[in-house]
Structure formats: structure tokens, C-alpha cells
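Put chains Y and C on the given structure of chain F with help from the hints.
What follows is the residue order along each chain.
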Amino acid sequence: MSRTRFFLSNEFGLVLLIAVFAAIFGLAATGFLSPFNLFTLGRNAAVNIMIGLSMMSVIVTGGLNLAIGAMGVSAAMFAGWLIEGVGVPWPLALAGGLACGAGLGFINGATVVRSGLHSFIITLATMSIFFGVMIFLTRAESYRDLPAVFSDFGRMKFAGYVSPLLLVTLATALVLAWLYRRTVTGREMLAAGAQPGAAELSGIRVGRMVILCHMLSGVLAAMAALMLVARNGAAIPSMAGQLGQDWLLLAFLGPVLGGTLLQGGKVSVLGTVLGAFLVTMLQSGLLMLQIGAFWVQTFLGLMLLIAVLLDKARRAYLARRNLA
Amino acid sequence: MSRISQLSRTDWFGPLLATLLAILVVRGFSETFLSPYNIQILLLAIAVNALIAFSQMVIIAIGQMNLSVGAIGGLAAITFAGAMEVWGLPAPLAVMLALGVGAACGAMNGALIRITGISAFVITLATLSIFKGINLGLTEAQPFYGIPEGVKAFGNATILGIVPLIFVPTLLVSIALWYMLRRLPVGRFILAVGSNEHAAELSGISVTATVVIVHVLSGVIAAIAGILLVARLEIGQPSIGDDWLILSFAAPVIGGAVLAGGHVSVSATLLGVVIVAVITQALVLFSIDPFLVQVVLGAMILAAVGLNRLRAHQPVSGAG
Amino acid sequence: MMTDHPLFEAQGIEKAFPGVRALKGVDITLAGGSIHALLGENGAGKSTLIKIITGVHQPTAGTLRVDGEAVRFAGTRDAIARGIGVVHQERNLFPRFSVAENIHLEQIGASYFKPIDYAELNRKARQWLEPLELDVDPAMPVSELSVAKMQLVEIAKALSLQSRVLLLDEPTASLTASETDRLFAILRRLRDAGTSLLFVSHKLEEVQEICDRVTVLRDGENACDSRAMAGVTRGDLVEMMIGRAESAASGRRRAADGAPEMLGLQKVATELGHRDIDLSVRAGEIVGLYGLVGAGRTELAKAILGKFAITGGETRVAGEAVRIGSVAEAIHRHGIGYVSEDRKSEGLILQHSVLSNAGIPVWRRLAGAMGLLGDGKVRDAVLPYLEKLEVKTPSLAQSAGNLSGGNQQKISVAKWLAAGVRILIVDEPSVGIDIKTKAYLHDLLRDLADGGTAVLIITSDMPEMIALADRIAVMDGYTITGVVGNTGSYPEMSRRIMDLIHGPDAAARTA
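Protein chains in written order, with UniProt numbering: chain F, 1 to 324; chain Y, 1 to 320; chain C, 1 to 511.
Take these hints with a grain of salt, some might be off.
[What the hints assert, rightly or not] Mimicking EDC-like on lysine to aspartate or glutamate, the simulated pairs with C-alpha atoms at most 20 angstroms apart in a straight line are:
1) C:K114 / C:E130
2) C:K377 / C:E341
3) C:K51 / C:D78
4) F:K266 / F:D311
5) F:K266 / C:D278
6) C:K51 / Y:E197
7) C:K307 / C:E271
8) C:K51 / Y:E201
9) C:K24 / C:E9
Derived by calculation from the structure, the hints in this document are not laboratory data.
These numbers come from a predicted model, not from an experiment.
Okay, chain F solo, but in the shape it has when bound (with noise of 0.2 angstroms):
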């Protein structure tokens, strides 16, 4: 029974479906396989899983944070200007990054849990706010000037292909396993993102928790931007589009392929990293077989729909044969 579900997993059958368009791609499509191109695909999936598990960290609550992307770029343009604008040493002018996602979700979080809202309609919100205040802050100029460590950092390959982003972004899903399964503080964030009635009368501060998810996304987040800025040298305001909306598909696609239930309190947060790596490898490949980039687009949203659907369908089996 233990075997039927592992094959029946999740996260099985992402690692069945990379092997597939792996070796697709790698027969169709010349120099898919070549180092310089894995080198380049371990960069973006860096990035695009940290993307994942930003919004990962929201969906646990059984909200979503629309302002991803706002909040990635105002941390990535803060840890610029402390650089360009303050003069701050660059391992400071990171934190400073950091501490600024940070605060953007505890503003996110702390709105939900005063007004009661749902965090959609919040974030939709804020998300604006944070652009518009970012863009008007740096009336839209890029801080080009940075630290050489930025770009060395973005270039650096290990054993001729592996970038050490992949290498972080690998080390915090590891750090963010060990929180849900080994913490209190995870245990409690899924208790209150699952059933928040409950979790509130067995004595877990729901509404505290609430406001972690949403700091630990901002965290989240604003390493994704960073990892941007490394990887295009400069900090750059429109690096996710306007409002930060072109990371908004990414965002959820990491997750729900992974099979983290939007209404919260389950996560998967290996599930997570292979849907978002799963992705990046679609978009490359399908660019290197010369699908056009406009259709990529449609490409992932229809992915998406299938994925979820094959879930349910998978799901519903688990149900009947009393197994989930």
C-alpha cells in the first residue's frame, strides 16, 4: 500500500514527467544538453522556485499573495540604493533587502489578520501600492553600478555547470522542509492555515502565524529579486513586469504542480521545487525547439489546467481507494 502511494505521489510523477521532456528535449533539440545550457536552466529555476516557495509560504494560510513580484523588486531596488544611493557594503546593503521583504509582508500579513479580509483582495491592493511607491521612489531607473560580487555571484559556475543560485535556492527548500515537518513553528503555521478555528481554541496564536507566512513570502521573495539582480547585474525596476505581474503565473504554477492545496494548511515543498523546475525546463526547452515565445504562454496555462486536473483526478482515486 506504502508503494501504490509513492508512485501514486505527487512529486513521483513530476520527477516521471522531467525525466520525459528531459530526454525529449535533448534528443530534439541540439545543445539542450550542453553545459553552458544547463548552467543557464539551473540559473532560471533558481529563481523561478524561489518565486514557488515565496507563494508557497502564503498558500499554507490558504490565502495567496498577489504582491510577489511588488514586493521581490521594492526589496531588490531597497538593497540597490543602500548600495548606490547610501554607500552601505554590499552583505549589509543584502540583509537590508531582505529586511525590506520582510516588512512588506509583515504590512500584508498584519492587514489581513486586522481587517479580516481575504489576502487576495489585500495584496491586489498593496501590490499597487508597493509598485507605485518603488517606481516613484526611483522614478524608474536602474541601479547599474553595482558590486562586481553581484555579477561574479550571477556568472559562477561549480563543476563547470552548476550555479551556486541553484545551490541557495536548493539550501532554503531544505531549510523550509526542516520548518514544516521538524517545528513548532511550521506545525503551527499548517494548524492555522488548515483550520484556523480550530488551531485558535487548541491555543496556536492564528493570527501571529498569519503574519510569519506572510514575512517569510516577503523573505522569500526579495532572495528571488536578488538572485535577479546577480543574474542581470544591475537592479532593475521592471525585472518583473509591471506590478510585478509577470511572476504572478510562475508563482502559482511551482506550487500547484506540486500539489500544496490552495486552501491550505498542507504544503509539499519538494512537490514545489519540481513543478517550478519542471516549468523552467518546459519554457527553455520549447524556446530551443523554436515554438516561438509568444506561445509559450499558452503553453503554461494550458500545463496548469492539466495539472490540475490530473490532481483531482489522482485525488479522487486516493479517495476511493481510501488511501490520502
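Coordinates of chains Y and C only, in the frame set by chain F:
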């Protein structure tokens, strides 16, 4: 006294006061605010934004959300422009085609939501991406320039030199929606499903049919907004719709719509659009940084949901 | 006036859900011009039977007959079409719609695009409101009506559908005494007009007052099938419901007089409107809090827990005056546990594992440095209690939602045992659990009290109250109207409690 308390309980009274106040304040600071030219600009903005808001409002009425309104509007816009430029279709036929595309997109949303039982949020996030991708795939992000003169003229004509002609379709849609939500069974079903889906089902209402109808309606209204924008901008921009998401939620919410469903108001939503337009216009008139418009819009949404919540907490007099 | 020819019959109805046989061959026969009582304890199968009669569920076996003709209801629509109307316990109205529209929504459905003639609708609605003596403007939104009037609107709605069989599920649960009297007058008139009414209630006084026939379910079977009410005593009904004579359940009174007070409330007022609450629970004592729905009992429990603010008076825990600012504080600092009546949304986290659910209150205490906490530690802490309570689960990793109601309730109690609370508040201990588990739970609560825990029980089930409590505090209108010592005699306790709720004092209070 009781007359006033009665008024204060209608949906549109609060937003109307806010609108008048906003207009008075802006007028107080700016002589030119109510000049015919400015009014025309205001009405132009309202004409399109009201449709965007209605497109979301009908979905809010059943307690769902539609992230794909912008993508549907954009796809309809380029269908309209492309059909005229590439296929040389006459404008009325192109309009029908674009409306058909909007209806089909909406039907797809509604059907997927009902058949799969997956939340509207996830489904419309996926279809947003699909519709936008089709848009970009077809246009390769290049605009259609071949808009017939007649369409351009329609987009820029005015009645009596003040009211833009494209305001007329918006007005007709507003009246039709108001009538539907007040008098037609389908409108009442929409509100009933939004208010209590289980009870609606027990009352013999087909929830599936209602949900699909409302999504088709949302798609058609978004398509009209896209078509009007093409006429006004005089080109078929693939980027039409990219910035609709916040606009679409702002006006209904500022007008007091309850996101949980079952309670929306056409007049209040329209007033919400007017408030947003007046304030946006004021920021321009006072030469305040255009970047701050986003901030103000976001802040207004937060303020409005806060106010709605306060209002909901006040006990209804006469009950119990 | 009662016709011999039955309007509706159900024979040999069986219903199985995964893992549970809710109904094991139940019969019921409803005649026109009759008010028929359907009785049974929680979990006896009442609600399942109602759902089958109204077409929500389809029976696994057995036949339904309307006018002697066998029918199958594929859904609620079929049942409605056959003239079976129902007024559910929860309100199914649209608050913003007018009275007339709520009544006639069904008929409007014929066409999606034909404009509604509201004048005509109001006129038609009056025709259904008049027989119910409901003097309201049909154009008025339902949200402006009182709960009692909303219920009458639902009855009007059911009647407008040409219902000949009308099910009323706990219709008096949220009504005052005078509203109940009015409702009964209307029900009698409907009966005299030939309607067949099925009255579901757990208030035996009401059932005996208004019903002429009775069907009792116990454990998914008929304890009696559609027999005449005449000659049936209250004791007979109770015996049929619980399967034994009532006296056997009489509580023994603990001598806790000398024990220290664990929970004390003096002149307590809350933000929810409680006032002058005096209540005291000693170590080793079980105090019952009795009252009707809406009396403010659950709300008081939550205020004690710190979920709602206490605005006046003094709260004492173990003799010390305290101000409890949050539920977490109540649990972790003061050792107060609360078992909710609403297991699904307030008691358990159904999608999480048994282990996780049983361990929540002890997580903080077990955690090591940096908040580290492994499953092993939690298992060691809670397993003895899960075993002691005989929780039946395939594994500790099983989702709590997959267990039966009785096992879920055991987990809800076990988690507080593991947490070692000094004060345990149990809200409706036997909601949705079978009779065997109920008896077991009762023993457990008595043992718990004997072990020194102060227990406060909230229940609307009088036999349960008498079986468990040492003293019974009666609550009505957000205040405590009196405290009576439990003598174990049902008639006496019942009379004294009802006096405290409906007595002359009560009338003066509500006036």
C-alpha cells in the same frame, strides 16, 4: 429624518456622496477641472473603465473572481482589429466576431469551473495565460494599424462636443445590466447563487447554467471594452487589457460590492468608476507624479474594503 | 380529520455510507391531517432519514411510496415535485430578496429572460402569507424579519409548492416560547386542512403537546414505527430513544464541597452581552450549563477562554484573579481546555493526522531549543491517552477526517488529557456520536472529575445533563437564572430547570 436614513441604506448613496465630494474638492483646487475638454477626457476614461468594472462585477455577484478579464478584452481587441486589417471584414462583422470570441472565452471559463469544481481563481489564472498567449502568438506583439476610418471616427466622435460617442454603448450596457439584476430571472438567479449556492440549488435554480451564463456575460462585456479601446486608440494594441486587473476590482469594491457574492450594484460600481477617474484626473491636473496613481488606486481599494466592513458590522435596525 | 390512507410511506429503508450503516431497515408512514413526530438521539439516523425523504440521499435499499405509488427521488427537485416540502434547521432564504421573491423563486425559474412582475408576485405571495397570519409586506427584504418570521416565510414557500407532506427540522430551536405557541397554532391549522406534517425535535414536551403519531429511531432502526401518541408517556419515549429506562442514568452526586474552586466567575459581563454571570466549578466537580439554543452558553465558554473580551466582574482560576487575553494564554498558562460542539471547524483539523491533532496543545511544551520538535516526542506524549481512550485508527498518520464521529470526539478529549488541563469545558459532548461511545464518554468524564479535574459541561440534552452533572446552572438570555443541585430524578430536575427558563422570573426578565 427617516427619508435620510432610508437613503443612507441604499447602495448608491455613500458612493454618490463620495463622488460629489471628490468633484467639489478637485473643482475647488482647479478651475479647469470642469471645462468641457476635461469632462470629455473624464467621460472617455469612464466609458471604458466602467465596462472593465462591470465585467468583473457580474463575476463578483456570484462570489467568484475572473483574473482573465484583461486577457479576454485583449484577445477580443486584436480579433476586432485583425479581422478588419487581415481579412478585410466590415466593422460590424468584426464586432460580432470579437463579441463571439469574448463569449467563447467566458463560456470556457464558466464550463471549466463547473465541470472540474476547481476554484475560479486557478481556472481563470490558467485561461488568462492561455488567452494572452494566443494573443501574443497571433500578433507576435505587433499592433494592427489598419483600422478603417469609420471606426476611428466613431472612437473620437462626440455628441454636442462633450459626450464621447463611445460613452453610448457603456450607457446601454449599464442600463441593461441594471434591468437584468433587478427584473430578469437570470439576474436574480445570479444574485441568489452568489448569496447562497446551496439554497439556490434547493430552490430549483441551475447553478451550472447560471455560472456559465455569468461568465459568458463577463466575457462579452470585456470584449466590448476591448473593441471600444481599439476605436479610441485607433490601433489594435496586443497589450490592451494588461493593466485591467486592478481597475476591474477597484470600482466594484469602492462601490461597495461584497466579494463573497450576492450583493452588487450597477449604480454604485459606476460611481466607483467615476471616483477613480476623478482622482486619477486630479493627480494629472495637479501635476502629481503619474507613478503615484497606482499607489492611490491601491490605497482606495484598501480604504473601501475597510469601510465596507465597518458598514457590514453595523447592526441592521428593525431586525430581531 | 386524519385520513387512513397514507400520503407517504417508507419501507425497509437502508442507507450505508463508507464505513457506517446509518439506517438498517427503517419504516415510517405519514398520513394526511396528522402531525407525526420523528424522535431519536444524535446519531440515531434522523437526519439521514430526512435526507432520504427529501431526495438529498438515495437509499441503499427499501422503497418510498407517495399515494401508494413507488417513487425514486434522484434529487431534491423530484421530492418537491411529489409534494414533499421541507423547512430545514438552517435558514435557506436569500436575505436581500423580498419575502415574495423568496417564496416564489421556484416558479420564476420557468424562464431566464421573462421580466419578473413584482406586483403580481406580491399579490400571489399574500395568498400564502395570510393563512399563516404573517402580516408582513411581501415587498420587504427578508433580512428585516425576525428569525421566527423567516421560518414562517419558509413554510409559506414550502406550501406554495403544493406540498402535502411538510418536514419541519427542529423548527423551535431558535424560537421564544410565545413564538413557539404561534407556530403550533399554525401547524394545527395546516393539519386540520389535511397536510401531513413531520415534526423533528428533541424537545419531548413539545412533541407530546402537538404530535398525534410518533416514530422513534435508535441506532439506525425503528424503536417504534408510526404508532399513535395517545397513551405514550414521556418515560416511554425516553426509553425508546435511549434503549433503557431513564432512571438508570441518574447521576451520583459527588461531595466536592470541600474541594478548592478551580474556575470562578463573579458578576462577569462580556462584550457579547452576558451580564451578572456567577459560576463556580470546583476541582473534582462536574457542573452542567443548561439552556436553549441562543442562551449564550457556547459564547460564555469562549469568553472564559479569552476568545471574546470579558468586560466586567472577576474571573478566578484556582483561586487567583486572572485576565485572560487570548485562547493561547488560557490553554498554556491557565490549563483550560475546550471541546467544541463544532468538531469540523473548531474541534479538529480534519485534514491533518491523528497524531498532529492530539498533539497541538503540547507542541510548545515539548519543543526543544529553536522550536525543534520531532514526531517521536509527540507520539510519546499523546499515545498513552489515545490508547486509554481506545481511539480506533489504522495509524497515527491517518487523517482525522477519515475517522468516525465517536473516534474524532475521543481525540478531541484525548488532546486535553495529554495537555493535562485543570479545567475542561465540554460543549455538547455527544453531538454526532453513537450511543456506545456516548456512554463511554460519560464514564470518562466522570473518571476525569474523580481525578480532580474541574469539568464544565454544556448540553441541551437533559438526560445527559442529569446523568453527568453534580450541579446544573441554567442559562437564559445571556445570564444565569439559577443553579440547582442534581437529585438524579428526571421529572423533578426537568421541572425545576424549565421553571428557571420559562418561569415567572423569566417572564419578568424578558419583558
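*Holds or violated: are the alpha carbons of C:K377 and C:E341 at most 20 angstroms from each other?*
29 angstroms, violated
*Decide if the proposed pair is consistent with the structure: C:K51 and C:D78, CA atoms, cutoff 20 angstroms inclusive.*
Answer holds: C:K51 to C:D78 is near 13 angstroms, not above 20 angstroms.
*asked:* Please verify whether C:K24 and C:E9 have alpha carbons no more than 20 angstroms apart.
replied: At roughly 16 angstroms apart (the allowed maximum being 20 angstroms), C:E9 and C:K24 satisfy the hint.
*Assess, step by step, whether the Cα of F:K266 is no farther than 20 angstroms from the Cα of F:D311, and give holds or violated.*
14 angstroms, holds
*Is the hinted pair F:K266 and C:D278 satisfied, with a Cα-Cα distance of at most 20 angstroms?*
43 angstroms, violated
*Given pair status - C:E271, C:K307, alpha carbons within 20 angstroms*: Given that 20 angstroms is the threshold and the Cα spacing comes to 11 angstroms, the pair holds.
*asked:* C:K51 and Y:E201 were given as a pair; does the straight-line alpha-carbon distance stay at or below 20 angstroms?
replied: 15 angstroms, holds
_Hint check: C:K51 vs Y:E197, CA-CA at most 20 angstroms. Holds or violated?_
18 angstroms, holds
*Given the hint that C:K114 pairs with C:E130, test it: the Cα-Cα distance must not exceed 20 angstroms.*
Measuring from Cα to Cα gives roughly 28 angstroms; hence the hint is violated.
Checked against the numbered hints listed earlier, the structure breaks hints 1, 2 and 5; every other hint is satisfied.
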